[in-house]
Amino acid sequence: EAEVAQSPRYKITEKSQAVAFWCDPISGHATLYWYRQILGQGPELLVQFQDESVVDDSQLPKDRFSAERLKGVDSTLKIQPAELGDSAMYLCASSPKQNYEQYFGPGTRLTVT
Amino acid sequence: GENVEQHPSTLSVQEGDSAVIKCTYSDSASNYFPWYKQELGKRPQLIIDIRSNVGEKKDQRIAVTLNKTAKHFSLHITETQPEDSAVYFCAASSRMVTSYGKLTFGQGTILTVHP
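These protein sequence lines map, in sequence, to chains U and V. Okay, so the first sequence: first residue is 46 according to our numbering, each after it adds one. Okay, so the second sequence: first residue is 171 according to our numbering, each after it adds one.
Be aware that a few hints might be false.
The calculated lysine-lysine pairs, modelled on DSSO-like cross-linking and capped at a C-alpha distance of 27 angstroms, are [claimed, not checked]:
1. Lys212/V <-> Lys238/V
2. Lys212/V <-> Lys123/U
3. Lys56/U <-> Lys212/V
4. Lys228/V <-> Lys142/U
5. Lys142/U <-> Lys116/U
6. Lys56/U <-> Lys123/U
7. Lys212/V <-> Lys142/U
8. Lys60/U <-> Lys116/U
9. Lys107/U <-> Lys123/U
10. Lys107/U <-> Lys60/U
11. Lys227/V <-> Lys238/V
12. Lys227/V <-> Lys142/U
13. Lys107/U <-> Lys142/U
14. Lys116/U <-> Lys56/U
15. Lys192/V <-> Lys228/V
16. Lys123/U <-> Lys142/U
17. Lys241/V <-> Lys228/V
18. Lys192/V <-> Lys60/U
19. Lys227/V <-> Lys212/V
20. Lys212/V <-> Lys60/U
21. Lys227/V <-> Lys192/V
It is worth saying that the hints were derived from the structure and are not from the lab. Predicted, not measured: the structure shown is a model, and the values here were computed from it.
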């Protein structure tokens, strides 16, 4: 069964450093989401792509976060500079274009020290 | 925007008992309601979902009910087993042009099934 892939699985960085996360959605899924999940809470959407276009980035802190999906397949989420409050699980999910079901990757656990 | 409230935050049951988790939503345009199970350190996994044109859906020991008028939906797990222990999240999305497929999640319920 196809799954969403993410790397790295764990990342420890010092504040003010730059970090990047990578996501490879299920093949053929046109919609890609990046979520942030703080321990003990539900995932919160950061950015949503339809193919290579951003359709919702209203919750993305654009002064430090950026996301791209250049060829409409895999995606990268970047934080620069990282802050202590960015420590969280970053989850990627994908969905077929005309379907609601979202399938999540294993996530990247970020710790900022 | 959408707001989803989930209760209870923790639920402890004996093996074989039933468990019920309830969620309410605020946006009457929401029409898709999935439930995810997340085990410690693992990805959220879709376990069941329901669309607004259906009142109830079952899959073996799991069922979801939806009351559109009251804007609430519930997850029912019967004959619980220790492997059902996990965090369960409800979510809702509306089919708005600018937020197609955007999920708003509840705060989660930690379910513990005691052998």
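Practice problem: Given the hint that Lys192/V pairs with Lys60/U, test it: the Cα-Cα distance must not exceed 27 angstroms. | Solution: 39 angstroms, violated
Quiz item: Within 27 angstroms, alpha carbon to alpha carbon, are Lys212/V and Lys238/V?
Solution: 32 angstroms, violated
Practice problem: Take the C-alpha atoms of Lys60/U and Lys116/U, compute the straight-line distance between them, and say whether it is at most 27 angstroms. | Solution: 31 angstroms, violated
Quiz item: Does the structure keep Lys107/U and Lys142/U at a Cα separation of 27 angstroms or less?
Solution: Holds. Lys107/U to Lys142/U sits at ~26 angstroms (cutoff 27 angstroms).
Quiz item: Do the alpha carbons of Lys116/U and Lys56/U lie within 27 angstroms of each other, as the hint requires?
Solution: Cα-Cα ~25 angstroms, so holds.
Exercise. For the pair supplied as a hint, Lys107/U and Lys60/U, confirm whether the alpha-carbon distance does not exceed 27 angstroms.
Key: 17 angstroms, holds
Practice problem: Quickly compare the C-alpha distance for Lys241/V and Lys228/V to 27 angstroms and report which way the hint goes. | Solution: 19 angstroms, holds
Quiz item: Is the straight-line distance between the alpha-carbon of Lys227/V and that of Lys142/U 27 angstroms or less?
Solution: 24 angstroms, holds
Exercise. Below or equal to 27 angstroms on CA atoms is what counts here, so check Lys142/U against Lys116/U.
Key: 16 angstroms, holds
Quiz item: For the pair supplied as a hint, Lys227/V and Lys238/V, is the alpha-carbon distance within the 27 angstroms limit?
Solution: 14 angstroms, holds
Quiz item: Within 27 angstroms, alpha carbon to alpha carbon, are Lys192/V and Lys228/V?
Solution: Within the cut-off at roughly 16 angstroms; holds.
Quiz prompt | 27 angstroms Cα cutoff - pair Lys228/V, Lys142/U | solution = 25 angstroms, holds
Checked against the numbered hints given earlier, the structure breaks hints 1, 8 and 18 and satisfies all the rest.
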